[in-house]
Amino acid sequence: MSTGHQGPSGHGPQDDIALAGEYVVGVLPDAERREAERRIATDPRFAGLVAGWQTDLSELDKAYEPANIPPIVRQRLDKRLFGSEAGASARIWGSLNFWRGLAVASLAVAVAFAAVNTGLLPGPDGAPDGLPTAPLIADLAGDDAPMAMVARYDPESATLNIVPAALGGAEKSLELWAVPGDGVPRSLGLIPADGGTLTLTEQQAEQLGEGVTLAVSLEPAGGSPTGVATGPVLVAGPLAKQ
Amino acid sequence: MTDQRNDDAVGQLISRVALGDRKAFSDLYGRTGPKLFGVCLRILRQQAQAEDALQEIYVKIWQRSQSFSAGQAAPMAWLVTIARNHCIDMLRARRPDPVELDDAPFVADEAPDPEAVAVNTSEGRRIDNCLGQLDADRAQAVVSAYVEGYSYQELAGQYSVPLNTMRTWLRRSLISLKECMER
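Just so you know, the protein sequences line up as chains A and B, in that order. Note that the numbering used here has the first sequence beginning at 1352, numbered continuously upward. Note that the numbering used here has the second sequence beginning at 5, numbered continuously upward.
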């Protein structure tokens, strides 16, 4: 406690509540802001106090009136972030760092096909059954859904990555379905809430291809008891070329 | 559109931005940029600085989108927090307080239960009622410091009180507010 910036009674409960509030209100001088940020990073309890103040005081955000932004700001932003390159979005999906980043965020769920080992799916040589060889993406979203997902199906490596993008806590299971042309959903299994690997059967893998809709329904814990979706379909989206 | 529906839409966009989705980033900028630019103008009070700040803020949003908690209830508040922090950091770095703040002794009338305050129970609580229970000038000091990004130095000048008196006021006001909101 030698910085000289802490209260005379150290980190008592009231001192910390006040300090967290001062930080969120924004009145602290630069050095004390840095010190508070160091504590946020290292002291979960203090970080919780700060988060509480942010929630409390966010009501005051209504004072900020939206303002028109000069278009040049957007141009400079795009240049800064993306340079002049086109198609960076497509590359991101194949970027090792991108997928590694998702794993770090512990949101990525890798779904490996049993078909990989059976040789069911076509190799690099082609798609004898009309199956696609280029990766397909499904953006699974619903108007009022509490969550969203992105699915990436790569026939080359026979992998299907499902990324729950926003999940509320619920004592329910999320079940993933393939809905091919006949409109009859086939279960692909449960999506682990905290990541993990789901192995599909050959029959399940056969359901996937361009135009097939992937859908996620909310089911009782453990999945649909009947084999068909019983809960609401939260999000859905078709597999399509990138 | 209600705040809740807007928050839902913004939350989904942030989650897609976390996946590197540039289209979602563009949509997010279109939907939330004007509000965050309003934050920048209000706190920085200079057009050119506000433009620079907004650019940096969206760079941070792009970079930090993966740390946005899934299912977080208040995505707009998350974005405004990033914007306010950036602008306030710019202000404090630009004009550092020439006077070192002494630590203002804090005297609480009643100690809140530390267990209770450790839990974030304040979601959805309205702060307006609790601000109304403070003396009007003290409530105004909290609100104007938050909204305008005033430093203690500036607040002390406005209220014509010594710096440390200002700090004692504000800290007491904050404790009173927190006690009120946890009742």
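Some clues are possibly wrong.
What the hints assert, rightly or not - Once the Cα atoms are required to be at most 27 Å apart in a straight line, the calculated DSS-like pairs of lysine-lysine come out as:
| id | chain 1 | residue 1 | chain 2 | residue 2 |
| --- | --- | --- | --- | --- |
| 1 | B | Lys27 | A | Lys1592 |
| 2 | A | Lys1413 | B | Lys39 |
| 3 | B | Lys64 | A | Lys1413 |
Bear in mind the hints are in silico, worked out from the structure with no lab data behind them.
Going through the hints against the structure:
{"no.": "1", "hint": "B:Lys27 - A:Lys1592", "result": "holds, 16 Å"}
{"no.": "2", "hint": "A:Lys1413 - B:Lys39", "result": "holds, 9 Å"}
{"no.": "3", "hint": "B:Lys64 - A:Lys1413", "result": "holds, 22 Å"}
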